[in-house]
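Residue numbers (my numbering), protein chains in the order written: chain B, -5 to 401; chain H, 19 to 162.
Please keep in mind that the hints were generated in silico from the structure rather than gathered at the bench. Just so you know, not all the hints are guaranteed correct.
Stated by the list, open to error - A few chain H positions that, by computed beta-carbon distances, are all more than 10 Å from chain B:
1) 26
2) 61
3) 111
4) 112
Said to hold, decoys possible - Sample of chain B residues facing chain H (criterion: CB under 10 Å; computed from the structure):
5) 187
6) 196
7) 197
Unchecked claim - BS3-like cross-link-like pairs, simulated, lysine-lysine; straight-line CA separation at most 25 Å:
8) 249(B) <-> 128(H)
9) 171(B) <-> 376(B)
10) 292(B) <-> 138(H)
11) 200(B) <-> 138(H)
12) 380(B) <-> 347(B)
13) 248(B) <-> 110(H)
By construction, the Cβ of each residue, glycine as well, lies at the ideal position given by its N, Cα and C atoms.
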Amino acid sequence: MNYFLSGFFICGLLLAFFYDTWSVAIGVGGLSLVAYYSVKSILPDSNLYQYVASLILGIFMAQYIYQMHGLFEMHFIAFVGSAMLITYQNWKLQIPITLLVILHHALFAYLQFVRVDGIYFTQLDYMSLSTFGIHALLAASIFFISGLWAYQFKKFSEKNIEQTYRIASLNEAEVQKEALLHANHELDKFVYSVSHDLRAPLSSMKGVIEISEEETKDELLLKNFSLLKGSIKKLDDFIQDILQYSRNSRMEVKKQSIDFAEMLEDITNNLKHMSSNNERPVEILYSVSNQKLFVSDKSRLNVLLSNLVSNAIRYQNPVVQNPYVDIQVNMTDIETGIVVKDNGIGISAENQKKIFEMFYRVSENIVGSGLGLYLVKEIVDKLDGKIEVESEPGKGTAFMVCIPNGN
Amino acid sequence: MQNNKRPSFYKKVMIVDDTYVDRYIAERNIVKYGLAEEVIAQESASAALAYLKDLWEKKEELPQLIFLDIRMPEMDGFGFLKEYEKFTDGIKRNCIIMMLSTSLNPEDHKRAADNPYVSKFLNKPLNAEQLRLLIENEPHLKSA
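Same shape as in the complex, but just chain H:
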């Protein structure tokens, strides 16, 4: 499923996941299936937050889509969201956040659904099929 003809859907997306393999899979698939030109991989929630904070003056450099893992050491996906809430609207209005997990816990699903910044809950692995659906359905920012 090569999408060389179509330009990439997004300019930049970010993947936040503490597992190397999962970052590798996401990165490869995103580029291969034309979801984005550039993929920024962050191995921790705090690193991702720092990255976003640094870009508050350069809005064009912000990732348009963020894939957020739930289970991470020190600060997990929901911890990231709590800190993210404190960011300026300038940042928040530019990023669509999707949670990425293997969690079967309905509480996790509910927390994600209740969070105004989470657009969707995806199941790992981030494969071709899911990316195709994403491109087709053009996820929008959730109305806060």
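So here's chain B without its partners, still in its complex pose:
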């Protein structure tokens, strides 16, 4: 714009040279530039200077017309100015120049009409109303188009900026996601590697103990071996619990269709093999009603049910004749309710509040890592479900779990 404005000023000087209108060239041109640059320097943050520019572009037009003694064609300088204003992307800037043109036209036409001297303006002779109308229309359409382009220019560049920003943030999100997936995978590998290295010597120990057990009938030795195996199992269970906890907290929820009957059968088979020497076999009953298409995270549900059922086995009531755990699954379209009920030793009211805490165990005597119910709660939370417990010491316990349907 600086170049254009200086160009305008210089044109004014050139015209003055030809037409001997120096005072106007320097005076009006100079004043216009002064106005523009002073507003720009006084208020650099405001866009007022743009409106001033619009105005003085109109003034230059008037100046040229005057300098060339009423050359009507110089009106198109206003259109040049109008076009230049598009670059500011503000349609409102057309207003000052439009108003000036109208004002200038009206004022000077009137002045000429009342025959004031020295006004260089279009000769009224060849100005008829229809011509005037056409000129007005053309001028209006040019100002309008310039305004429109200014507006569209602005919208277009806004959209461009928005799109560039969106693409940039998408890329950033992609990069972040990649990095996160990679970090997760590395952590996964680390956790598996560590758990493997912890479990390997345990399995070796278990193998040697079993070999030794077969070599003797000595009751004391056999008892000792059994205690050793018990400790090993405790440690092994703990390692597996930690592994499950790590996987649950990090891995995304995977959705697939769940067959509860199949899952419960697998769990029953696994737990039958896992009961340690001190535990009587516990009868595992289950029923699935209102079979519906249920979508959720299969491995997490497996861990949840395994933990609840193995707890029921561990905390059985020694004085009861037939210890059992009953799992009832009831499905609706929006959720599945699971009730795991046993006739075990039960949980006192004050303990009921704490059982879901990490590493909380009711009794030191009972083999458990203290992570089981904590993990159950974490899984329920991860799947946006609910869990409640009802229990009476000496009678039994019931866990009520509700998992929303993921489809």
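Since the structure of chain B is provided, determine the placement of chain H on it from the hints.
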């Protein structure tokens, strides 16, 4: 659980494991429960591969069953399988391979299941119960 009456199920099996204790357990149990007459213990995948290669002309001497540990230094169980694939069909048709591990990594389980030469994935330790099941179920060579 003595099986003195029944002849051994296999003539020769091989255990590949870098840990002495695990080889000891496997060897003892295999002989005791009559899975095989002879047990060859190899402490590394490369030693096992060399042993098998040497026998390509004497097919009767090849082990009928191979227990393969996964985690071993230098070359692991899957590395062994990669090299094993290059062996002649003469060798490959004679050996049933079972992976033996304490790994809980589902990727390991999947890799074993996908491998055409692995018949089963067993959990350590190789105890009486597992051997009994093996004898009962008579593992077959996986159809490649």
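To see whether the hints hold, each was checked on the structure:
Remark: the non-interface label on residue 26(H) is consistent with the geometry, its nearest Cβ contact in chain B lying 18 Å away (cut-off 10 Å). The claim that residue 61(H) is not at the interface with chain B holds, since no C-beta of that chain comes within 10 Å of its own (minimum 15 Å). With 10 Å as the threshold on Cβ separation, the claim that residue 111(H) sits away from chain B holds: the shortest Cβ distance comes to roughly 31 Å. Consistency note on residue 112(H): stated as away from chain B, and its beta-carbon is indeed over 10 Å from all of that chain's, at 28 Å minimum.
Interface restraint check: residue 187(B) against chain H, minimum CB-CB distance 8 Å, threshold 10 Å, status holds. Because the beta carbon of residue 196(B) sits about 8 Å from the nearest beta carbon in chain H, less than 10 Å, this interface hint is met. For residue 197(B), the interface hint holds, the least distance from its beta-carbon to any beta-carbon of chain H being 4 Å, beneath 10 Å. At roughly 19 Å between alpha-carbon atoms, residue 249(B) and residue 128(H) fall within 25 Å of each other, so this suggested pair holds.
Restraint check for residue 171(B) and residue 376(B): satisfied, since their Cα atoms lie roughly 20 Å apart, inside the 25 Å limit. Distance check on the hinted pair: residue 292(B) and residue 138(H) sit about 24 Å apart at the alpha-carbon level, within 25 Å; holds. With a C-alpha separation of about 21 Å, the suggested pairing of residue 200(B) with residue 138(H) holds against the 25 Å cut-off. The suggested pairing of residue 380(B) with residue 347(B) holds, with an alpha-carbon distance near 15 Å, which does not exceed 25 Å.
As the CA atoms of residue 248(B) and residue 110(H) are separated by approximately 38 Å, the hinted pair breaks the 25 Å bound.
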